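**Q** Listed below are the residues making up each chain.
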Amino acid sequence: KQEVTQIPAALSVPEGENLVLNCSFTDSAIYNLQWFRQDPGKGLTSLLLIQSSQREQTSGRLNASLDKSSGRSTLYIAASQPGDSATYLCAVKGGADGLTFGKGTHLIIQP
Amino acid sequence: NAGVTQTPKFQVLKTGQSMTLQCAQDMNHNSMYWYRQDPGMGLRLIYYSASEGTTDKGEVPNGYNVSRLNKREFSLRLESAAPSQTSVYFCASSEGSGRAEAFFGQGTRLTVV
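Going line by line, the protein sequences match chains A and B.
At position 40 of the first sequence the residue is numbered 40 (my numbering), and the sequence of numbers has no breaks.
Just add 1000 to wherever you are in the second sequence, counting from 1, and you've got my numbering.
Note that these hints are calculated values from the structure, not bench results.
Since this is a predicted model, take the numbers as computed values, not measurements.
Just so you know, even glycine gets a beta-carbon here, dropped at the ideal spot from N, CA and C.
Wrong hints could be hidden among the right ones.
Covered by chain A, according to a simulated footprint, are these stretches of chain B (three or more residues, beta-carbon under 8 Å) [what the hints assert, rightly or not]:
{"hint": "1", "segment": "1048-1061"}
{"hint": "2", "segment": "1066-1077"}
If you only want the chain A side, here are some residues facing chain B, beta carbon under 8 Å, derived [what the hints assert, rightly or not]:
{"hint": "3", "residue": "31"}
{"hint": "4", "residue": "49"}
{"hint": "5", "residue": "68"}
{"hint": "6", "residue": "71"}
{"hint": "7", "residue": "79"}
{"hint": "8", "residue": "97"}
{"hint": "9", "residue": "103"}
{"hint": "10", "residue": "106"}
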């Protein structure tokens, strides 16, 4: 059974710092990996999708990498802002069924 | 630009009552999913429909039924609600290929008392 772990569970940093969120998964037989953002009481917003054949994807200040063989992904946030405060979720897709999610990293950016 | 729409947004039920959560997508996606999100547990798959006319159990299907009404709509039914079903429910859809991006609705916050 696929298991996804996100480290750290919570992170608080001053505004302007670059930061890295980590995601690991136990079964490397995946189609893709998706990073989401969730604001309190809201739904999930897709940030980046990395296919299994790709090494990284970039969107603005966000960069996600994937090392499928080692079962790891990182989400890099450059020049963090208070508006980046949210919970970040990592999820992998291994087949026709749905995504397997990690429990998330709760991020607070201090002004 | 609606994407995935869920109704209702909030609901309070008494133990034993039944209700149906509605989900509709306007992206012509083949696959649709229902998840529940609980504190400390993350999101877990309840049921999914890989294509119109098919449904399959996910990780936590007990106490739920689903109906893929047509390509747009996928409903989740609680026949006899229990306090353990208090959760936030999310519907999602994707194009259907294994590589497709998933899109989520805004969620339904359900409390069973």
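**Q** Which numbered hints are broken by the structure, listed smallest first?
**A** Hints 2, 5, 6, 7, 10 are the ones this structure does not satisfy, whereas the remaining hints hold.
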